[in-house]
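This is what each chain is made of:
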Amino acid sequence: MSSTAIISLVFLIIGLLFNLFGCIGLIRLPDVYNRLQSATKCVTLGTCSILLSLIFYFGFNDTGVKALIAIPLLFFSATVAAHALVRGSYFFGIKMGEGSVKDDYKEQADIEEQKHQDHEVS
Amino acid sequence: MRYIAHFIVLFGFWLLLTLDLSANNLIVGAVSALLVSAYFGRFFMRGYRKVFHPHRYFWFIVYLFIFIWECVKANFDVAYRVLHPAMPIKPGIVKVRLELKTNIARTLLANSITMTPGTITVDIIDDFIYIHWIYVSSTDPEVYGKKVSGRFEKYLKLIFE
Amino acid sequence: MNTFLHVILYAQILLCFFCLYRVVRGPTIPDRMVGIDIFGILVVGICAILTIMTGRTFIIDIGIAWIILSFIGTLTLAKYLSKKKLNE
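So the protein lines, in turn, are chains P, B and V. Heads up: the first sequence at position 60 corresponds to 60 in the numbering used here, and the numbers run straight through without jumps. Heads up: the second sequence at position 145 corresponds to 145 in the numbering used here, and the numbers run straight through without jumps. Heads up: the third sequence at position 74 corresponds to 74 in the numbering used here, and the numbers run straight through without jumps.
Treat the hints loosely; a few may be bogus.
What the hints assert, rightly or not - Computed spacing ranges between beta-carbons, pair by pair:
no., chain 1, residue 1, chain 2, residue 2, range
1, P, ILE69, B, VAL28, 30 to 38 Å
2, B, LYS154, V, PHE4, 37 to 45 Å
3, B, ASP140, P, HIS116, 30 to 38 Å
4, P, MET1, B, TRP69, 24 to 32 Å
5, B, LEU21, P, LEU17, 37 to 45 Å
6, V, ILE68, P, SER2, 51 to 59 Å
7, B, PHE58, V, TYR10, 26 to 34 Å
8, P, ASP110, B, GLY41, 36 to 44 Å
9, B, GLY12, P, PRO30, 19 to 27 Å
10, B, ASP127, P, GLY93, 35 to 43 Å
Said to hold, decoys possible - Facing chain P, from chain V, some residues (calculated, C-beta under 10 Å):
no., residue
11, MET1
12, ARG25
13, THR28
14, GLY63
15, PHE71
16, SER82
The set of hints was computed from the structure by calculation and includes no laboratory data. Even glycine gets a Cβ: it sits at the ideal position worked out from N, Cα and C.
The shape of chain P in the complex, shown without the other chains:
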């Protein structure tokens, strides 16, 4: 087993651990917003780590560069998707779970909703 293979194996195991934390969060946490927080952060970084191990394993040839391109692509797509899901589930009417302290978004969301309904009627 060469040294690059060992480095890539270490990155694979780190990525797997982060994925595991994210998925445990997905099961344990109480409401949609918190689940999305833990899952998006941990699973994105874990998958980035797995792709990084690919670069170490193959070196700087076409496969390694493709993995390197996939990292920023995954980062942007995962964060934008999480943002869209949070916003969508807020408008869908999911309440913040128990123990929430503060909600500054409510008034603004009501205004948007009203605007949307006016648009629908006219």
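Chain P is fixed; fit chains B and V onto it per the hints.
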């Protein structure tokens, strides 16, 4: 000029994706990049002059390292909250004033906030950014504004404005 | 090396079942969508591990395409959640 900058970006991406310097590959890449930049070039690269400033790239690399450090810290934070038997969470949505003006800087700031410890962006309306926070540690707008976006905002200002 | 890779691959597939649990059990519709989104990201990890295991380099291309498709799918679902039409 805008079209040329767009063409260079597209052609560089093609070369990176295929990593092959034979004549066939170069011709196919150049023709497709030319077609795409001729049609879609008017939508992108509004401030193309900023591409040629070297100090912006320096600050971008500094920002990248800070961002990776924050990202790793975020993951250990989430792991602590998830594995703790009592789950210390206190969620809420807070509202923070933005100082950045350009669209791309705002997008990057929103993405960075999503990846940092315990915060996720919900929406940007006018000059305010709405953030879902998993553990609201204080109710004072000044304090949490600095805590959430202060680290990135000064570097993004140096990069994009 | 190969044994380790098998173990990691099976562990990743097990994590996919965690997501499916959330999809099946989720009390509300957005919960199920979060499960589907995370499932899409985990499949990219499976593609990367398979690339190392089999040595066939075209599988990472499938991974890149999967990122984009899963992104578009999630955006469409989120649009449905916010009760708007698709062309808005």
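Right, here's what the structure says about each hint:
no.	hint	result
1	P:ILE69 to B:VAL28: 30 to 38 Å	18 Å, violated
2	B:LYS154 to V:PHE4: 37 to 45 Å	43 Å, holds
3	B:ASP140 to P:HIS116: 30 to 38 Å	33 Å, holds
4	P:MET1 to B:TRP69: 24 to 32 Å	31 Å, holds
5	B:LEU21 to P:LEU17: 37 to 45 Å	39 Å, holds
6	V:ILE68 to P:SER2: 51 to 59 Å	33 Å, violated
7	B:PHE58 to V:TYR10: 26 to 34 Å	45 Å, violated
8	P:ASP110 to B:GLY41: 36 to 44 Å	41 Å, holds
9	B:GLY12 to P:PRO30: 19 to 27 Å	46 Å, violated
10	B:ASP127 to P:GLY93: 35 to 43 Å	27 Å, violated
11	MET1	6 Å, holds
12	ARG25	9 Å, holds
13	THR28	6 Å, holds
14	GLY63	6 Å, holds
15	PHE71	4 Å, holds
16	SER82	4 Å, holds
In terms of the numbered hints stated before, the structure departs from hints 1, 6, 7, 9, 10, listed from lowest to highest.
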